[in-house]
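Engineer: Please construct the entire structure, taking both the sequences and the accompanying hints into account.
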Amino acid sequence: MAVGAARGTPVFLFAAQPASAIETGSLQAWSPGSFGIGVGLAALVGAGTLGLVRWRRRPAALAAGRDAGLLNAVFDASADPHLVFAVAPDGGFRLAAWNAAAAAAFGGDDGRIGRDVSALLPASEGAAMRRDLAQAAASGTTVRSQIPADGSSAAPATETTCVPLRRPGTGPVDRVLVTRRDISHLAQAQPETLDANRRLVLAEQVAHIGHWHLHLASRVLTWSDEVYRIHGHEPQSFVPTIPGSIAACHPDDRRGMVRRIARALRRHEGFDIALRLVRPSGEVRDVLVRGLCLPERSGRDPSNDTQPEAIFGVFADIAELKQAERALAEKSALLEATLESMDQGLLRIDGTGHIPVINRRAMEILAISPEILATKPDYRILRQHLRETGTWGTLIQDPKHWHLDENRRTTELRSERRRADGRVIETRSLPMLNGDGHLQTLTDITHRRHSDEQLRESEARYRLLADYTADLIVLDDASGRHLYISPAVTGMLGYDAVEANRLGLRTLVHHEDIANLSATLHALGPEQPTGSVIYRMRHKSGSDIWVEAAFRRIEEGGDVQIIQAIRDVSQRQSQEADLQRARVAAEAGARAKAEFLANMSHELRTPLVGILGVHDLLRGDAQLTPDQARLVGLAQESGRSLLTIVNDILDFSKIEAGQLVIESVPFSLRALVEACREFSAEIAQVRDVRFVTEIADDVPDWLLGDPTRLRQVILNLATNAIKFTPAGSVTLRVTWAPAPDDAPRPGATLRIALIDTGIGIAPETLSQLFERFAQADGSTSRQYGGTGLGLTICRRLVHLMGGEIGGESRLGEGSTFWFWLPLHRAAGADAAAAPTPTTLARRAGPSWQVLLAEDNAINQEIIGTVLRQKGHVVDVVDDGEQAVTAAFDRPRDLVLMDVQMPGQDGLAATQAIRLRERLEGRPRTPIIALTANAMPEEIERCRIAGMDAHVAKPVDWSVLFATMERLAGSAGGEHSAAGGETAGR
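Position 748 of the sequence shown, counted from 1, bears residue number 748 in my numbering, the numbering being contiguous throughout.
Hints listed in this document are in silico derivations from the structure and should not be mistaken for laboratory results.
Where is the CB? At the ideal position from N, CA and C, for every residue including glycine.
Careful: at least some of the hints might be erroneous.
[Said to hold, decoys possible] Between beta-carbon pairs, the in silico distance windows are:
1. Ser237 with Arg199: 24 to 32 angstroms
2. Leu455 with His354: 21 to 29 angstroms
3. Glu336 with Thr389: 27 to 35 angstroms
4. Ala727 with Ala586: 48 to 56 angstroms
5. Ala586 with Leu617: 41 to 49 angstroms
6. Gln190 with Leu265: 34 to 42 angstroms
7. His447 with Thr375: 46 to 54 angstroms
8. Asp889 with Ala635: 33 to 41 angstroms
[To be verified] Straight-line distance between alpha carbons at most 20 angstroms, and here's what the computed DMTMM-like set of lysine to aspartate or glutamate pairs gives:
9. Lys376 with Asp436
10. Lys322 with Glu283
11. Lys540 with Asp578
12. Lys540 with Glu527
13. Lys322 with Asp350
14. Lys322 with Glu364
15. Lys593 with Glu940
16. Lys376 with Glu388
17. Lys322 with Glu340
18. Lys540 with Asp471
19. Lys540 with Asp496
20. Lys322 with Asp252
21. Lys322 with Asp253
22. Lys540 with Glu512
23. Lys540 with Glu499
24. Lys376 with Asp350
25. Lys540 with Asp513
26. Lys593 with Glu937
Structural biologist: Now the structure itself:
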């Protein structure tokens, strides 16, 4: 093991041996005066030239003491403290020997020889040295430690080295040599070195230049961080190699690069190579590689043929520079192309009067041949030549004023000259900013001159038109000052142009309209050059007139002007006021009509509730005789006919008002047809009519459309067919066919036809049947009834669904009414959607607590009876106030709420119930609106008030039962029926 220390480093030699040996003879044997080996080793370690390995190889020579005197003198004279500690059997370390520098450093004399290390040093420092001594003795290796400088005292930073020593042979470590040296200068130099390195890294990053080094013998290549960045690699994950560096070059540049470097190595010279690097991402970067061959460290002549030791170089990322060069070249080419393609001639006259730049257009305008330019003539000579040839032309106007700077020097000159051929050339001269000559442009303005003359003539014509037009034309400057007022001002406002200009037209604007007019004028700008406004102006007679003014902002040569065209619109404003009053009246009439229809619907549907309800109850009575059942069926059909008439009137009103919305939902066509068949067959029972359905095999079952409106059209046509067929048959035929050629949308269509063997229709009457209130003749209404709206509603509904409807008939043989709809196929749904016959008998299932709020006694009786037959407990109240009280006197599963009731109506009662539920934290009780008003706006009012559903009167029991099941069943509501019904119902 080699042991060394820098000059000026304290060295301590500690020997590890038994304590008795130290006390008797070993101390004397290892002392600085007689122990040559220890002294020599300490001195050589301090000088940094002797290794422990040599000491071990020469024990005999050193033991013989051949250089003992010299080594002892070196040990004593060393400026670094050296100490030798002996290893005691108890694991302690006792001082065996030290030099004068160590004695001075630790403030002691030879009386401390043989004492433990803890007696030589302070407690903390002694513990640290004991730890290092123990580690060196146990491991047999050198141990180094550093003590940083203490900022609070003058103690310097030191480094302690512990070297284990053995007796000749392979014995255990019995001595430890300790050397201490001052490393303050290294601690001071380290920050400076780090700062210099940081600055170097920053400089490389800023300059995009990195350095590299290649050791030729070992082929070890090292890169700086910037070289890694230029190559697109991370230092932590990439190791540079010679093959990898060559592979990073563009394939077209590799051979040239290798050849250049090989030549530089042969000649011992530097090299510059511009090449392209391909990054791992595929990006190509332009770089400049510079290298310098380094001679061997032996310092031999680099001109000989020996191989250099290494190559040092830099990588410069010049991609941005190359891009800038390419951009400059492109700009130069663009500038040259621009100069050559300019429609203006351009010359540059330098300070000496010569012409270094002239473009093609200037040569054309001045008729200068390339031969003349080849002589590089002076500009004054060239101008004299142009005068002699007549190309210069004659001045057609005095030169415009010279634009002079503060030193009275010319900054611009403009002149126009006319040639013999009639062409006009404009010349402009501008001095160069650097003072070296000036630029001159030549423009052929012959066409512009001609256009200016035409413009002046046009302005004269337009002024003539403005003077005699009926509209008032006004031209203002940007400040609002009138530049022109047309004579029409007299006919419009009663003032002549002079009076209007003196007064100012804005002073005649009605005070209520000034803000609106000012806002319009202020909004005019380059982005919005036009505007218009209607306002009132005061006539000279004192009356106000309505005018409409159109504004246009015109900007030319930095000057802004506003053109106004003002028109008298008093009559139009009066007409618009009349139209607005008519619109208000029409809207009031529409509201009155809607209210009338709503009231009529309510008044007609209310008695129908009782009529149809009684019929439904009677039809469910099994004790009726066949004759009684037939009479009840006739009465039921009559009630349904009346309901159909009411519904037709309401539907037609909705269609006329544009309030009918067509849905698009999946539905089963066969289930819908079957439901229509059952309903129609029930109607046909009172006649000798057979109702038949025919559905083609290729007709899909599930379609997308509005099943409600489709059912309405089918039932309307089926009812008409049965009505006008005293005996025979009615056939409902359904087919699936391609869309007609005149269909608005391509694809397949559903075609439905109702074929009857009835009385038929005359050809001249058939075409009128789809008009509103139209029937075959007056006797039809008297004999068969109806409003004449059914077919009209059918046609409107079919058209809303995108289809067409029509009919054929022969008098006395029957009729066929058909329609087709463009429907799309839909995915099938479960069979649960199929309709099931409604029964009023008691059902199996829970019994619900139902509160019925209804003011009509008949409706109370009918609805209560039906619900009780279904097994529910029903409490009835007469108005909304009682409903609010009864809703909370016991748990309720459902509330059936009439809307129009005396006192507090159903809407107010619902709002009161919802408010109390929120305040008291009660669960929400389902409320169903049960009202004869089926208008859409009434349904919306019910929803806003807090009702959960709407069922129209007369009640369709299947709809009511389904709604109750959905609301009460989904809410899980089922309260006990104990307590019976409320008395007095």
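Engineer: Against this structure, judge whether each hint is valid.
Structural biologist: Hints, one by one, checked against the model:
1. Ser237 with Arg199: 24 to 32 angstroms: holds (26 angstroms)
2. Leu455 with His354: 21 to 29 angstroms: violated (41 angstroms)
3. Glu336 with Thr389: 27 to 35 angstroms: holds (28 angstroms)
4. Ala727 with Ala586: 48 to 56 angstroms: holds (49 angstroms)
5. Ala586 with Leu617: 41 to 49 angstroms: Since alanine 586 and leucine 617 have Cβ atoms about 46 angstroms apart, the given range 41 to 49 angstroms holds.
6. Gln190 with Leu265: 34 to 42 angstroms: Holds, at about 37 angstroms.
7. His447 with Thr375: 46 to 54 angstroms: Since the Cβ atoms of histidine 447 and threonine 375 sit about 34 angstroms apart, the hinted range of 46 to 54 angstroms is violated.
8. Asp889 with Ala635: 33 to 41 angstroms: At 39 angstroms between Cβs, range holds.
9. Lys376 with Asp436: holds (18 angstroms)
10. Lys322 with Glu283: holds (15 angstroms)
11. Lys540 with Asp578: violated (27 angstroms)
12. Lys540 with Glu527: Not OK: lysine 540 and glutamate 527 at ~37 angstroms, beyond 20 angstroms, violated.
13. Lys322 with Asp350: It is violated: about 32 angstroms lies between the C-alpha atoms, which goes past 20 angstroms.
14. Lys322 with Glu364: violated (37 angstroms)
15. Lys593 with Glu940: Status holds; Cα separation ~18 angstroms.
16. Lys376 with Glu388: Holds, because 18 angstroms separates the two Cα atoms, which is no more than 20 angstroms.
17. Lys322 with Glu340: violated (27 angstroms)
18. Lys540 with Asp471: holds (17 angstroms)
19. Lys540 with Asp496: Holds: lysine 540 and aspartate 496 sit about 10 angstroms apart, inside 20 angstroms.
20. Lys322 with Asp252: Judged against 20 angstroms, a Cα distance of about 18 angstroms means the pair holds.
21. Lys322 with Asp253: holds (16 angstroms)
22. Lys540 with Glu512: holds (19 angstroms)
23. Lys540 with Glu499: At roughly 11 angstroms apart (the allowed maximum being 20 angstroms), glutamate 499 and lysine 540 satisfy the hint.
24. Lys376 with Asp350: holds (12 angstroms)
25. Lys540 with Asp513: Given pair lysine 540, aspartate 513 holds - Cα atoms ~18 angstroms apart, limit 20 angstroms.
26. Lys593 with Glu937: holds (13 angstroms)
Hint compliance for this structure: hints 2, 7, 11, 12, 13, 14 and 17 are broken, all remaining hints hold.
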